[in-house]
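*Asks:* First to last, the protein sequences are chains U, B and S.
Everything in the first sequence is counted per my numbering, starting at 6 for the first residue and increasing by one.
Everything in the second sequence is counted per my numbering, starting at 4 for the first residue and increasing by one.
Everything in the third sequence is counted per my numbering, starting at 4 for the first residue and increasing by one.
Read the hints as simulated data drawn from the structure, not as lab findings.
All values reported here derive from a predicted model rather than from experimental measurement.
A hint or two may mislead.
[Unchecked claim] Distance condition first, Cα-Cα at most 20 angstroms in a straight line; then the derived SDA-like pairs of lysine to any residue:
#, chain 1, residue 1, chain 2, residue 2
1, U, K130, U, F57
2, U, K174, S, W339
3, S, K72, S, F86
4, S, K149, S, S78
5, U, K174, B, G96
6, U, K174, B, F102
7, S, K184, U, P140
8, S, K184, S, L115
9, S, K184, S, G174
10, S, K340, S, R330
11, U, K174, S, Q333
12, S, K68, S, S29
13, U, K174, U, L79
14, B, K112, B, G96
15, S, K340, U, L163
16, S, K68, S, R39
17, U, K174, B, Q106
18, B, K112, U, R36
19, B, K112, U, F101
20, S, K149, U, F82
[Unchecked claim] Residues from chain U that keep clear of chain S, each with C-beta distances beyond 10 angstroms, as calculated:
#, residue
21, G54
22, L113
23, F155
[Said to hold, decoys possible] Chain U is faced by these chain B residues, among others (derived, beta-carbon under 7 angstroms):
#, residue
24, L9
25, L17
26, Y57
27, F73
28, F82
29, A92
30, F102
For every residue, glycine included, the Cβ atom is placed at its ideal position computed from N, Cα and C.
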Amino acid sequence: MQMPELTPNLMFFGALAGLAALTGVGVVALRDPVRSALSLVLNFFMLAGLYFSLNAEFLGIAQIVVYTGAIMVLFLFVIMLLNLGGQKQSIEPRDFKVPFSLLLGFGLFALIASQLFQPLMHITKVATPSDWGSPQNLGVTLFTEYVWPFELASVLLLLGLVGSIMLAKRRF
Amino acid sequence: MDSVPLVAYLGLGLFLFTTGAVGVIVRRNPIVVFMCIELMLNAVNLTFLAFARYSHATGGAATEQVQQSFMAGQMIVIFVMAVAAAEVAVGLGIIMAIFRMRQDVDIDKMNLLRG
Amino acid sequence: MEALQNLNPWLLALVRVVLIVGFLLSIVPGLIWWERRLLSWMQDRIGPNRVGPYGLLQPIADGVKLFFKEDITPSSIDRLIYFVAPAIALFPAFTLAAVLPWGPAQGAYAYLTPIADVNIGVLYMLAISSLGVYGLVLAGYGSDNKYSLLGGLRASAQLISYELAMGVSLGAIVLATGSLKITDMVVAQEGALWGLIPALQNWNLFTPFGFVAMVVFLICMVAETNRAPFDLPEAENELIAGYHTEYSSMKFAVFFMGEYAAMLVFSGVVTAVFLGGYNLLPVNWEAMNLGFMQRVNDLGAPVWFIGKSAFVFSCYVWLRATLPRLRYDQLMSLGWKSLLPIAAANLILVASWIVVTEIYGAMIGWGFLLGAMFLATLFFLAMQRSSRALESRELLLVDEAQPRTIELVDPGKAVS
Chain U
6 MQMPELTPNL MFFGALAGLA ALTGVGVVAL RDPVRSALSL VLNFFMLAGL YFSLNAEFLG
66 IAQIVVYTGA IMVLFLFVIM LLNLGGQKQS IEPRDFKVPF SLLLGFGLFA LIASQLFQPL
126 MHITKVATPS DWGSPQNLGV TLFTEYVWPF ELASVLLLLG LVGSIMLAKR RF
Chain B
4 MDSVPLVAYL GLGLFLFTTG AVGVIVRRNP IVVFMCIELM LNAVNLTFLA FARYSHATGG
64 AATEQVQQSF MAGQMIVIFV MAVAAAEVAV GLGIIMAIFR MRQDVDIDKM NLLRG
Chain S
4 MEALQNLNPW LLALVRVVLI VGFLLSIVPG LIWWERRLLS WMQDRIGPNR VGPYGLLQPI
64 ADGVKLFFKE DITPSSIDRL IYFVAPAIAL FPAFTLAAVL PWGPAQGAYA YLTPIADVNI
124 GVLYMLAISS LGVYGLVLAG YGSDNKYSLL GGLRASAQLI SYELAMGVSL GAIVLATGSL
184 KITDMVVAQE GALWGLIPAL QNWNLFTPFG FVAMVVFLIC MVAETNRAPF DLPEAENELI
244 AGYHTEYSSM KFAVFFMGEY AAMLVFSGVV TAVFLGGYNL LPVNWEAMNL GFMQRVNDLG
304 APVWFIGKSA FVFSCYVWLR ATLPRLRYDQ LMSLGWKSLL PIAAANLILV ASWIVVTEIY
364 GAMIGWGFLL GAMFLATLFF LAMQRSSRAL ESRELLLVDE AQPRTIELVD PGKAVS
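From just these sequences and the hints, can you work out the full model?
*Replies:* Written out as structure tokens, the structure is:
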């Protein structure tokens with residue numbers, strides 16, 4: 006395989022992907038849960054950037070609104086509310102699980118990569134129209150072809166809302 | 004994004020997914036475990052989007068299904084986001100409930116169901 | 004403006020960014036002075052009037068004082084998070100300004116405004132404003148102080164809650180405009196009033212749904228910027244100063260600056276989305292054959308825009324001078340039980356209004372909208388009354404039936 010030419014696009018991708026990989030490792034490796042959460046926030050930012058690079062602009066901004074704006078704030082809220090960030094909690098004994106799971110992870114990576122990458126190596130051209138991720142296109146598809154899954158998702162969200170209220174309630 | 008090969012996106016997605024999976028096994032703080040699950044979900048989202056973006060080229064002869072599939076990728080991502088939001092709300096509620104009962108949330112000590 | 008057109012696009016972008024950021028940075032001292040003077044006037048005081056004419060140089064004196072104060076760094080902090088937090092708090096205000104159009108797209112200010120006319124403008128705005136919470140939460144966590152932690156907790160819960168109502172209230176305007184671009188929203192407001200009177204402009208403020216959305220948005224905006232009466236994260240008499248208790252000197256000044264810049268930028272958003280943007284008066288001068296006024300209107304666009312923003316900013320001060328701080332449960336029930344249902348009902352009404360107008364024409368559409376809004380108001384009031392009956396409880400502080408006498412203890416007997 007010959008190395009692809011180093012274009013600005015590729016450099017942009019490389020920077021985002023490198024940071025995403027780094028922060029992804031940070032989520033697992035950092036001991037303080039708050040720092041893990043911040044690492045994950047950065048990771049989501051990088052992923053949003055990658056979505057933009059795929060021209061999926063709506064999903065990129067939705068990624069920021071939903072994940073960094075709401076979900077991660079909720080995580081931070083719970084970490085701070087339960088005070089899980091202190092020194093006491095950060096002691097995690099290093100036992101046999103660590104090398105074992107690293108081996109497992111490496112095995113998973115190697116297995117999928119060996120099977121998947123070879124037949125897809127030749128694909129370097131995008132072929133979808135460049136406005137495929139615009140809010141207009143997304144909306145039209147969502148409310149025509151996918152209207153029933155969409156309604157189901159809203160029911161699911163309602164269930165999540167009610168369920169979490171019931172779980173968090175002290176007295177019934 | 005011409006000249007960025009599809010496998011670059013897939014490789015990053017696979018790496019993040021594996022990292023998340025390792026994190027789920029290794030970490031003992033349930034909130035961090037939760038965050039690792041989010042990481043895995045996002046890795047899958049990235050893979051979906053990458054496949055969808057490059058989808059025309061995958062089939063060789065572009066059938067009608069391939070033509071439509073480039074929106075399907077984005078739709079899946081939207082639904083994954085919705086499910087993730089619901090999941091986080093319920094999951095964090097469960098963690099709060101456990102914490103209120105035991106004043107501690109070490110995931111290795113939650114073994115009441117072990118016979 | 005031909006010279007600008009031929010400029011290198013990167014240079015042009017730089018010019019646009021420098022214009023906005025420079026303006027925001029230089030206006031913040033003025034805003035602080037204006038708030039202090041206006042607040043004093045409302046509270047029947049004089050306010051700062053010693054430094055410079057009318058006390059105009061007071062914020063600069065304050066800045067110099069802050070700059071030379073001792074910079075105290077507590078010893079048990081999480082250093083990285085502690086030092087990053089003020090920077091994160093400053094960032095959203097300046098980034099948010101990127102989508103604000105402060106002049107018409109054609110004419111004297113072409114190529115200068117806005118910095119980025121992205122076609123996901125409103126979503127971008129929501130995304131960036133939801134990032135503002137990180138500065139507060141991280142400051143609260145990194146300071147390793149229980150008051151700061153409580154402030155950060157309050158901030159995160161408050162901002163998540165009000166973000167929702169804010170997004171939904173903007174959704175109504177997005178539906179009515181049919182576009183997510185903020186520039187499109189301003190252009191749409193230049194149309195004929197209610198689609199019927201071509202001489203007047205259709206500012207969203209004048210439409211029934213736009214008015215409701217604006218009220219909801221204004222309240223959410225005050226909560227998003229942590230200003231009184233929603234300043235619970237920094238409530239000085241419960242939490243000392245909340246999340247920035249442990250910050251001193253310039254680090255505190257950065258928080259302060261971020262807050263004022265955010266207030267002005269949010270005022271700019273209100274101006275662009277609800278108050279007709281850069282138009283002086285809601286009048287279509289061309290339709291009245293007054294081309295001269297149209298040119299005045301276009302040339303003075305930034306002045307009108309800033310003037311309207313300053314008016315909305317003054318409303319912030321007005322609120323601060325008028326209303327006492329909410330209790331935390333009041334804050335939550337206002338956000339979740341009042342604002343969110345109102346905004347959601349408004350969104351549904353706008354959607355059905357559009358459908359009815361498409362089918363039956365404008366007049367029946369407006370009739371339908373007004374009737375539906377009236378019914379919705381009645382329903383909402385009835386719901387409020389029944390829920391208030393559930394919530395109201397009487398607390399007996401002193402039982403009137405019991406005689407209130409104080410028994411004096413004889414010290415000699417008590418010893419025994």
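*Asks:* Determine which of the earlier numbered hints do not hold for this structure and return their numbers in increasing order.
*Replies:* Hints that this structure does not satisfy do not exist here, as all of them hold.
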